[in-house]
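*Asks:* What follows is each chain in one-letter form.
Number of protein chains: 2
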Amino acid sequence: MSDDHLHIPVDAAFSRRVPIHDDRERLVCDSCEYVIYENPKIVVGVVATWQGKILLVKRAIEPRKGFWTLPAGYLELNESAEDGACREAWEEARAKLVINQVMAVYSIPRISQIQIIYRAALTTPDIGPGPESQEVGLFTWQDIPWDQIAFPSVHWALRQYDQIKNQKAFPSFTNPTGEGEVI
Amino acid sequence: MSDDHLHIPVDAAFSRRVPIHDDRERLVCDSCEYVIYENPKIVVGVVATWQGKILLVKRAIEPRKGFWTLPAGYLELNESAEDGACREAWEEARAKLVINQVMAVYSIPRISQIQIIYRAALTTPDIGPGPESQEVGLFTWQDIPWDQIAFPSVHWALRQYDQIKNQKAFPSFTNPTGEGEVI
Ligand SMILES: [Zn+2]
Ligand SMILES: [Zn+2]
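Sequence lines, in order, name chains A and B. Take 1 as the starting number for the first sequence in the UniProt record's numbering and just add one per residue. Take 1 as the starting number for the second sequence in the UniProt record's numbering and just add one per residue.
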């Protein structure tokens, strides 16, 4: 499986067909047989806190515009997962933070998505909405807008964070049992 | 960002250009402006043991043909990370196993790769080479072929596994400090 996907010529055209030596339809270059593999996507995000309060952002874009979520987004090419999580926290909440440890690895196979969520600490309470956020806030547990949460995995991460918030180190979580769980 | 990449028409042709409302070159459908995002890839793998011995496979394919590695490979579409890790262990080593917990999440940004490694237990010592393996084996620590290991991250995973092999639960690892580490 080639890792040369950054070297596709600018004028290449691709068609969906079964490449040589393969058994599935792929996106194949019409002139050189280069194959683009369609892969699951990686979302990186954080449960980040300041003095026990949890950072949430209100989405300014679809899907789930107007609902609250954790800072998270797609990992980019040539980016570490930790860098991606920090970048998203900056882009969405103008938050600066220090990653503490992997909090959870979730699988959402229906949409071919893996979510890697870190526990993190804000280094300053100065936050503000980025272009994809309507609003940002630091919430105590009881002030979290539970009926306006954007995605099920945000519920998972918040509940799991609450279990380990006072632990110095902890085994990372996966999908809660019964919710898209596989093991 | 669309998740409709499974619905690309069979006859679509794609060119590399800057799509509407974007600022980077992407692969864009010539007829409908559908964008294929090129994303980092997810590798899923296991440190799997039977009575304290670690499962390794000798690669029958490039890169690093003839070198030893942990069962691991690219996550497929619509697959959970745990299912993918078990599938790779079956494909490469005919191994049946039970996932225990996330052992490590590594970032290899140079090749846009995230590796999710689980600790696992073989449910039977019956193993054998799959089509992409020359050989498989269960190794004690001192019998591991240390000078014939395929990739740096296999060294990372083996060393980190050794640190936690007697622990019931443990915080998951990331890249070892100084080796592509970012935090
Ligand atoms: Zn080509
Ligand atoms: Zn189209």
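These aren't lab readings, by the way, just hints derived from the structure by calculation. Any given hint could turn out to be false.
Here are the computed lysine-lysine pairs in the BS3-like style, where the Cα-Cα straight-line distance is at most 27 Å [said to hold, decoys possible]:
hint : chain 1 : residue 1 : chain 2 : residue 2
1    : B       : K65       : A       : K165
2    : A       : K96       : A       : K58
3    : B       : K96       : A       : K168
4    : A       : K165      : B       : K168
5    : A       : K168      : A       : K65
6    : B       : K53       : B       : K65
Stretch by stretch, here's where chain A covers chain B in the computed footprint (C-beta under 8 Å, at least three residues) [said to hold, decoys possible]:
hint : segment
7    : 18-25
8    : 48-57
9    : 121-129
10   : 132-143
11   : 150-159
Cβ pair distances, simulated, as ranges [stated by the list, open to error]:
hint : chain 1 : residue 1 : chain 2 : residue 2 : range
12   : A       : E135      : B       : Y74       : 35 to 41 Å
13   : B       : Q134      : A       : E135      : 54 to 60 Å
14   : A       : P129      : B       : R24       : 38 to 44 Å
15   : B       : E135      : A       : P152      : 25 to 31 Å
16   : A       : E135      : B       : R17       : 31 to 37 Å
17   : A       : I20       : B       : R94       : 26 to 32 Å
18   : A       : D147      : B       : K65       : 53 to 59 Å
19   : B       : E135      : A       : D147      : 30 to 36 Å
20   : B       : A60       : A       : Y74       : 18 to 24 Å
21   : A       : K96       : B       : D147      : 50 to 56 Å
22   : A       : P63       : B       : Q134      : 28 to 34 Å
23   : B       : A121      : A       : N166      : 44 to 50 Å
24   : B       : G52       : A       : P129      : 48 to 54 Å
Glycine included, every Cβ here is placed at the ideal spot set by N, Cα and C.
*Asks:* Each hint should be assessed against the structure and marked as holding or not.
*Replies:* Tested hints:
no.	hint	verdict
1	B/K65 <-> A/K165	45 Å, violated
2	A/K96 <-> A/K58	18 Å, holds
3	B/K96 <-> A/K168	34 Å, violated
4	A/K165 <-> B/K168	20 Å, holds
5	A/K168 <-> A/K65	35 Å, violated
6	B/K53 <-> B/K65	23 Å, holds
7	18-25	violated (count 1)
8	48-57	violated (count 0)
9	121-129	violated (count 0)
10	132-143	violated (count 0)
11	150-159	violated (count 0)
12	A/E135 <-> B/Y74: 35 to 41 Å	38 Å, holds
13	B/Q134 <-> A/E135: 54 to 60 Å	57 Å, holds
14	A/P129 <-> B/R24: 38 to 44 Å	23 Å, violated
15	B/E135 <-> A/P152: 25 to 31 Å	43 Å, violated
16	A/E135 <-> B/R17: 31 to 37 Å	35 Å, holds
17	A/I20 <-> B/R94: 26 to 32 Å	28 Å, holds
18	A/D147 <-> B/K65: 53 to 59 Å	56 Å, holds
19	B/E135 <-> A/D147: 30 to 36 Å	56 Å, violated
20	B/A60 <-> A/Y74: 18 to 24 Å	34 Å, violated
21	A/K96 <-> B/D147: 50 to 56 Å	44 Å, violated
22	A/P63 <-> B/Q134: 28 to 34 Å	47 Å, violated
23	B/A121 <-> A/N166: 44 to 50 Å	30 Å, violated
24	B/G52 <-> A/P129: 48 to 54 Å	52 Å, holds
Hint compliance for this structure: hints 1, 3, 5, 7, 8, 9, 10, 11, 14, 15, 19, 20, 21, 22 and 23 are not met, and every other hint is.
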